[in-house]
Amino acid sequence: MTRIAVTVDGVKYADEVEPRMLLVHYLREQVGKTGTVVGCDTSNCGACTVHLDGRSVKSCSILAVQADGSEVTTIEGLAREGQLHPVQQAFHDNHALQCGFCTPGMIMQSIDLLGDNPDPDDAAVREGLEGNLCRCTGYQNIVKAVRDAADMMSSGAGPAAERVSPSSVAGGGR
Amino acid sequence: MTATAQPSANELGRSRKRKEDARLISGRTRWTDNISLPGMVHLAVLRSPVAHATIGSIEVEAAKQAPGVAAVFTGRDFADEQGSLPCAWPISSDMVAPQAPSLAVDRVNFAGEAVAVVAARSAAEAHDALELIEVDFDDLPVVLDMEAALADGADLVHPEQGTNRNALWVFDSAEVGTGGDVEDAIRDASDNGVVVRRRFRQQRLVPAFMEPRSVVMDPTGEQLTLWSATQVPHILRVMIAMTLGVPEHKVRVIAPDVGGGFGGKLQVTPEEIITFLVAQRLGKPAKWTESRSESLVSGHHGRDQIQDITICASRDGTVTGLKVELMADMGAYLRLVSPGIPILGAFMYNAIYKIPAYHFACTNVFTTKTPTDAYRGAGRPEATFAIERIMDELAVELGMEPLELRERNWIKHEEFPFTTVSTLTYDSGNYEAATARAKELFGYDGLRAEQRRRREAGDPVQLGIGISTFTEMCGLAPSRVLGSLSYAAGGWEHASIRMLPTGKVEVVTGSSPHGQGHETAWSQIVSDQLGVGFDDVEVLHGDTQSSHKGMDSYGSRSLTVGGIAVVKAAEKVVDKARKVAAHMLEASEDDLEYDRGRFTVRGTDKGTTVADVALAVFAAHDLPDGVEASLDSDATFDPENFSFPHGTHLCATEVDTETGHVTIRSYVCVDDVGTVVNPLIVEGQIHGGLAQGIAQALFEEAVYDEAGTLITGTLADYLVPSAVDLPNFVTDRTETPSTTNPLGVKGVGEAGTIASTPAVVNAVIDSVRHLGVRDVEMPCSPQTVWRAINAAQGRAKSVSEGYTDTAAGGGLGSVDASGGAR
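Sequence order for the protein chains is A and B.
Residue numbers for the first sequence, in my numbering: 1 to 174.
Residue numbers for the second sequence, in my numbering: 1 to 822.
Simulated from the structure, these hints should not be mistaken for laboratory data.
Remember, it's a predicted structure, so these values are computed and weren't measured experimentally.
Treat the hints loosely; a few may be bogus.
[Claimed, not checked] Pairwise CB distance ranges, derived in the manner of DEER restraints:
#, chain 1, residue 1, chain 2, residue 2, range
1, A, Glu127, B, Ser190, 28 to 38 Å
2, A, Gln83, B, Gly245, 50 to 60 Å
3, A, Glu29, B, Gly56, 33 to 43 Å
4, A, Ser61, B, Leu485, 13 to 23 Å
5, A, Ala14, B, Gly245, 42 to 52 Å
6, A, Thr42, B, Val246, 29 to 39 Å
7, B, Arg28, A, Ser155, 25 to 35 Å
8, A, Gln83, B, Val724, 28 to 38 Å
9, B, Val246, A, Ser61, 35 to 45 Å
[Claimed, not checked] Derived contacts from chain B toward chain A, CB cut-off under 10 Å, selection only:
#, residue
10, Lys17
11, Asn34
12, Val258
13, Gly260
14, Ser291
15, Glu683
16, Gly684
Quick reminder that beta carbons are idealized off the backbone N, C-alpha and C, glycines included.
Chain B extracted, bound-state conformation (with noise of 0.2 Å):
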């Protein structure tokens, strides 16, 4: 009857090529600035060279006189109309939160922040004209170090604040009830057991996607249409509704092809504002594309935090209170989330483990930098970091294996679901079966030999073995949870299924792609729940015309929120269809069984599929009484959980004693993230977060000047690694399904990102302990190590010459010790 091809085996567990792949390995690609409008303006962003500054006059008479040029505008141009960029994140009731202009009116923030836009017939002569824009700034004092912008009388970012603390945020297991007070548990371990307390310093990172954010306007139509390079078209639409007073139904926002994200398009950024502003205005379609050194400058950062961490535990290892208080750089200004980022940590710094009392502090701070928010992992790198860190430091304190450690402090696999002391109940897990894997394909016992060898033998190169069990809390969803948490909004996710009366279907996703593989995971999720082909499913998305509703993708979300909307819109078409084929086969719907697109009457031959089904409904000659002609079903779905996969990370390093220089000898991870819908997909982002924790153990960090200026703002500074700086990666998995969904799914986008780092840190500062290092600072570049070396022989030597290091806990740790470098 049709010519959709029947699916002969199940979908889920397949490693489907992609679907994506045929347009993005042939240059047929849609990136937004490909787009070209007839008419279209190109924008040039004029932005500031200093940190902290009074803008003075603004002179663009000669930028505006120049060839090609349309228009010029400054802040005071649009100060009526811009509205203060959003922050959908309070935190607290008493947050300080400084107006936020796209394009600043009397006073600069940070270095990098814009000032002006020129509009031109070219972006050449956009550009060119920037340089005749003479602005006279007044400098201010800048603000630099977290803790010196929170002593009294600092120098303040937002004067009319009067402070420079946005907010503080607090969470206590005896206030809350989930566990005992952690003053307690310290004092009494300080007599009985064991007190560690480390200062760990999580370095300002750069997202660093491969495509540079661009964003075109036309407002030519009846609806303004926004193309943008975003994670979140469905947020940026609302968002630029309630910003600049649009009305939200004549807004259409498109992210055609976004070529990766990382939370770095997690935002309402100021230049789609102000290519928004500028395009009406001039009545043209107007284009903006950044070069990459505007996007290091001004695209928001991630992590920048320092995190002084206090464990206690009894002498055989059982871990009694962990203590946690934050500093959390947000920059000049709060973006779209930014001061929620490191209060998604506060519910994993107990990560595995089971912890009697816990007390988590964070205070977010204003400096002149480019403001912070989402990076892969947001705020949870930073926990699992800090807890796996000084577990290892805990394990030397008490003389134990590390991995010895984690598994007497571990929720065991029977014990799940287990609530935890900070409020999550864990559905499911597994972390004995991983880490036993992990340790078989590492042959954990023969390195660690070998690295008895090496010490013993005085190898200028050293062995070392870093270890990190983490778990996450991912699929940012359940909106009572959010709520809770003072977000702006919900989690939900939504999905609709069209069936087209040839068998053929649509499935429209809120969730928005830059890379994860959606149109092919969808595809299968879709062929398993309807018997529909691969190939017959088309998959929708990134339009707020044809995809209306939706969250977007962001913290590992996708699937878990917005894969099993669409397997509930799919149930809903087999429930419209089930009682069209009753009708059809003449059979009560009671005797009719559905498997994978097939319905047939109990203990019968008799059957039909929802195709045929949808041809029916399409022909609508003969449909029961009171039934519509349409199995089109659309579903919004809100978890009542996050997913907590998990797993556990093994590291080899070689260190060169005599370079500093780290290589990394052997990686080995064994993940669960639940039921697997396509092997490829999952595997390949494994491989890309690794990459990305690994780059922040290693290579990465956004470093400023005295002057508030990035030093590292452009790729040859700031350390993307390339394929020689990485190893092969082993990877495999194990398969606990989580319970909370139908699928049995748990996200996997941020869990390399969030387990590695630790794991290259443990690796490195193992190899190098026995000559007296206890800590190395990110990066762990050469230069860094053979400081952490020769600062720790110095040290030693000096011990031997009566001086005694006076904190038996372990030193204040990495930031200001002598124990650690810079």
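Just chain A, same shape as in the assembly (with noise of 0.2 Å):
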């Protein structure tokens, strides 16, 4: 058993693990955070997607022990003071989910890849969700939903009520 010492979703947490725990188990089984999936065996699917320190993880294909020492993301921990964070307001606006079993994947790799570009036109979208497979929606309403994600974000864009602080948006202020 190694210890590690990783806040999740603000919290900090200290714990005993095996070397070969994968960081989605730490988080499902130990910390509790089942709002994270696991759809694959072969980090293709990308539903196991968080956050390590600001970045983008399928946490499926890290080691808990290589988390140590560092802030995990997860989509729990995306809404600030009750409101969404904007791009889980803009996948229920724009219908970019179904069954749900993808998106807290779908949404931590949009949020990143919107640090990245923060207006990414329909292909860079594409692009950028190319790691995350969904099975419901054939992806268009996904599509929209992170383009309009980035309208909501982008500076004096949209009503007041629906933004964010770039500070405030894991993955906005990079």
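Put the two chains together into one complex; each comes in its own frame, and the hints tell you how they fit.
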């Protein structure tokens, strides 16, 4: 067993973990973050995507011990004071989910791609989400949602009530 | 009086954002794998690495001694109690139905079949212990090819059955009296018209729902509670009772949040039975969750048919007959509805066309592969593919525009209701309107002109147009029809409505959503029926304790059967409320008018609402004589007919003739799904359906090697498309209401998948037909397309050297013939 200290969604944890334990299993089984899910065993589907120190990672492809000393943000840590992250809101507004199993990973990856490119066109969104599989939506509404979120997050856009300041948005202030 | 909001506008037709989303976008989800119970053990299943073998000894002692392991079981431990996994669709009285144990006992019949199970404190410890189990497999010959499997002297999957043939199912219009003799039609056309024969191959697919399957069983309560990532909690409950001999009232099944199904979770799985038995043996809760690799190899597959199609027509393009001969791969065992899947297609090969003579024969075959069963569309995509592909081939033979050929033969809008050669009565439709709109959105004539220009210029990237004018039968229901097809159950659906004293409403539905949005759509329906606010309706589902009666969700049946059951239950609530309202208003029932939740006395301004009546009934201080103190109502709805969505799908592909790479340049579809409850949800269903149908055309195939091993056993090998692989779709609708239900709705869940595959493949072939290509087998990967082009070019050369292709009516097609390639 190895001792690790990790901050997950703003809460500090100190835990003993097996060296072979994947970050996703640590999050689900030890921290109780069941909002992050496992969809495959070859890191193709991206359902388990979280942010590790502000960048998206597939939490099935790194070990829990590699997160020692780091800050992890999951889908459960996005909302601020009861207000959804703009990307969460955009997924709802644009019917970008059906069964919802890929959604946590899809949202976390979308936030990351908007951090890199705050105003992506359709092709850039599709490229940015290439590592996340969805079987329900055909992706069209996901692409729409990400572009909608980009509009909401851009400076001066949208009603104030729908805006979250960049510093409080994970992945938004890079 | 109550805080219930009065709705301001009709809910039906509104693009309501979904109620379901709130928990799904925030991670507050209840997937089966999230469940953790005190004392719970985790299961890991050992699977056969070989396709066909007798099981000698199984050495489990080392595994039993491994850290954390509570127990290890093999098929021999459960042989007396596990029964045989159910097949609910014996399509013929002499169908061959081998025993289907959940844990293999003496023999394994496909690679991936469950052989042993370990129960341990953690999933990791259970998987570690699997490594310590030694199984002595004695290999038997594998059976992989359907034609070889049917030949005399073939190696047998189930030697005790004496054959690999599961069943033969035949429909003949001359015998039934719905049309002429197809052999006469073919003979006549051979002399005076055109006969086209093709062999098409429906490759094997994997449903690939995103949530891997998971089962939790808790044996510690009075009822045995099973959570499962299933589409069919109600069917599962009955089948567990019947398969294991457990009293039905002692079993509770819960489908919590379920992450997609597409038919892949329309099943009673070996792992559900295994988890149930292990938990019972140990007296402890047990959980099994599959890995993706396990899912791909052991969850049921879909499609996998060889289709021999003959169509004949007169020279003017009037189709005179259609003959369909199928082989359908069942895999190693019959699962819940395996044998019936290809038979669902039997009624759809004639599609939207007036075909005067029709013959259908399907031979189901056992092989040593993963069992097949329902996958989105289930039999109907195969049928639609075959007819829409061969209509294009017929058009080429006749030198006709493919859309004109279709129009010459399709049922005109004024001819509905129309009874087809395969006995179905299509209630409504307007193929002209959908096609006209699709052509307009697509810019059909402009694209044809561009295609001509690029052909003449010899552009290395060629343009092609593919058409699919489809219909389908869905809303799997009429119990009477299902009975005539020997299906073991009915097709009704149940709903109940509970009126709460504060005017809020609980709706209990027997259909079981796994992504469709029932909570939203049912709320809209009830809001209109009872005049309560959208947010004042709670929809309960997926737990046999709260929703005691149901037939679940598959076959695009939720709205057309389950949704109508909700309407019927609401009507009963109104009928009950009317008596009380009349009493409250001191009026005669006959003088009451009802509109969306409000009763008024005709000719006065006196009135009351269903919500107010609900409170009065709750108090029950002053009810009319003989009226019980409840407005709650149940309804079980069994429709008279299927629903028949239709549409026109047009696809433009660009094919790089130097690399074989296919790009979808444009995809336009105009679907008619009747009245729409929620346009947002309908559009989403179409998008997702298109993605899966396009994936069959271009990307996906479950491939086996010569030893019977699935070599596309991970998501790195099985090509579920990502966002970069798919285009933007242009979707639109025409709205011809169904006449067989009070809302005028039709199913939508499978339409996109059924329609899109032939549109794409027709486009690919149209892109390169001028190079001599007559067929490209699915999936149309760059290599397959490149080979088809090169084979055709080689053939063109040999034709110029004096070789004549004798197959005047078209070649044998894709599997073996020169025009195709793999």
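A quick look at each hint next to the structure:
1. Range check, Glu127 (chain A) to Ser190 (chain B): about 54 Å between beta-carbon atoms, so the 28 to 38 Å window is missed.
2. Take Gln83 (chain A) and Gly245 (chain B): their Cβ atoms lie about 53 Å apart, and the range 50 to 60 Å holds.
3. For the hinted restraint 33 to 43 Å between Glu29 (chain A) and Gly56 (chain B), the CB-CB distance of approximately 37 Å keeps it satisfied.
4. A beta carbon spacing of about 47 Å between Ser61 (chain A) and Leu485 (chain B) contradicts the range 13 to 23 Å that was offered as a hint.
5. Between Ala14 (chain A) and Gly245 (chain B) the beta carbons are some 50 Å apart, a value that agrees with the proposed interval 42 to 52 Å.
6. In this structure the supplied range 29 to 39 Å holds for Thr42 (chain A) paired with Val246 (chain B), their Cβ-Cβ distance being about 37 Å.
7. About 31 Å separates the C-beta atoms of Arg28 (chain B) and Ser155 (chain A), a value consistent with the hinted range of 25 to 35 Å.
8. In this structure the supplied range 28 to 38 Å holds for Gln83 (chain A) paired with Val724 (chain B), their Cβ-Cβ distance being about 32 Å.
9. The hinted window of 35 to 45 Å between Val246 (chain B) and Ser61 (chain A) holds, with their beta carbons roughly 41 Å apart.
10. Of the supplied interface hints, the one on Lys17 (chain B) holds, with its beta-carbon coming within about 6 Å of a beta-carbon of chain A, less than 10 Å.
11. Because the beta carbon of Asn34 (chain B) sits about 4 Å from the nearest beta carbon in chain A, less than 10 Å, this interface hint is met.
12. With a least beta-carbon distance of about 7 Å to chain A, the hint placing Val258 (chain B) at the interface is held under the 10 Å criterion.
13. Annotation: Gly260 (chain B) was flagged as interfacial toward chain A, and the flag holds, the nearest CB pair being 4 Å apart, inside 10 Å.
14. About 5 Å separates the beta-carbon of Ser291 (chain B) from the nearest beta-carbon of chain A, less than 10 Å, and the hint is met.
15. The interface hint given for Glu683 (chain B) is met, as the beta carbon of that residue sits about 8 Å from the closest beta carbon of chain A, less than 10 Å.
16. For Gly684 (chain B), the shortest C-beta to C-beta distance to chain A is roughly 5 Å, which falls under 10 Å, so the interface hint holds.
Hints 1 and 4 from the list above are not met by this structure, while the remaining hints are.
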